[in-house]
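Working from the sequences, and respecting the hints, build out all of it.
Note that my numbering numbers the sequence shown so that position 75 is 75, with each residue one more than the last.
Keep in mind that a hint or two might mislead.
Quick list of simulated restraints, FRET-style, between CB atoms [to be verified]:
no. : residue 1 : residue 2 : range
1   : ASN58     : ALA23     : 29 to 35 Å
2   : ALA76     : PHE112    : 40 to 46 Å
3   : HIS45     : LYS82     : 55 to 61 Å
4   : LYS43     : SER21     : 30 to 36 Å
5   : LYS101    : ALA72     : 35 to 41 Å
Here are the simulated PhoX-like cross-link-like pairs (lysine-lysine), alpha carbons at most 25 Å apart as the crow flies [said to hold, decoys possible]:
no. : residue 1 : residue 2
6   : LYS87     : LYS75
7   : LYS87     : LYS65
8   : LYS80     : LYS68
9   : LYS15     : LYS25
10  : LYS57     : LYS44
11  : LYS61     : LYS43
These aren't lab readings, by the way, just hints derived from the structure by calculation.
Here a beta-carbon is modelled for each residue, glycine too, at the ideal position from N, C-alpha and C.
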Amino acid sequence: MVTSDSIGKQGKKGKRFLDQSDALKLAASIVETREKKIQTSAKKHQQPTQVQGTPKKNSLKAKLKEIKAQIASDKALLKKNKARIRKEATPQTPVLLAEKKDPPPLKKRVSFA
Numbered sequence: 001m002v003t004s005d006s007i008g009k010q011g012k013k014g015k016r017f018l019d020q021s022d023a024l025k026l027a028a029s030i031v032e033t034r035e036k037k038i039q040t041s042a043k044k045h046q047q048p049t050q051v052q053g054t055p056k057k058n059s060l061k062a063k064l065k066e067i068k069a070q071i072a073s074d075k076a077l078l079k080k081n082k083a084r085i086r087k088e089a090t091p092q093t094p095v096l097l098a099e100k101k102d103p104p105p106l107k108k109r110v111s112f113a
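Okay, structure coming up:
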């Protein structure tokens, strides 16, 4: 049997599951994993920078705008020419009422009621 005298001499030792260095390593690894999670979530919420179109697309857009402007100016020019031609085709002096012929007499119509 074990007597109390023998226990008292050795002293009571507490149970040690982790050393202090092991606890520090565990805390450091936890911090690293949390930092990684925070960084990945920050990357997800971060707005991507606006990528400017390629130079080819920009030049094509500029060319398209120029062509559209050219078409619009051509249409306006045609419209002006048509109006000018129409204006020149009409006689310059107004026709007098006396020169006009009398309209033919109206026909009498019969309705059966």
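Now the hints, each set against the structure:
Roughly 59 Å separates the CB atoms of ASN58 and ALA23, a value that falls outside the hinted 29 to 35 Å. Remark: the range hint 40 to 46 Å for ALA76 to PHE112 is contradicted by a beta-carbon distance near 58 Å. Checking the proposed 55 to 61 Å range against HIS45 and LYS82 shows it holds: the Cβ atoms sit about 60 Å from each other. Taking the beta carbon of each, LYS43 and SER21 are about 33 Å apart, inside 30 to 36 Å as hinted.
In this structure, LYS101 and ALA72 break the distance hint of 35 to 41 Å, their C-beta atoms being roughly 46 Å apart. For the suggested pair LYS87 and LYS75, the alpha carbons sit about 18 Å apart, so the restraint of at most 25 Å is met. A hinted pair counts as satisfied when its Cα atoms are at most 25 Å apart, and LYS87 with LYS65 does not qualify at roughly 33 Å. Proximity of LYS80 to LYS68 is assessed by CA-CA distance (about 19 Å); at most 25 Å being required, the pair is judged to hold.
At most 25 Å may separate the alpha-carbon atoms for a hinted pair to count; LYS15 and LYS25 meet this at roughly 20 Å. The suggested pairing of LYS57 with LYS44 is violated, with an alpha-carbon distance near 29 Å, which exceeds 25 Å. Distance restraint check for LYS61 and LYS43: the Cα-Cα separation of roughly 33 Å exceeds the 25 Å cut-off, and the hinted pair is therefore not satisfied.
This entry does not satisfy hints 1, 2, 5, 7, 10, 11, going by the numbered hints stated previously.
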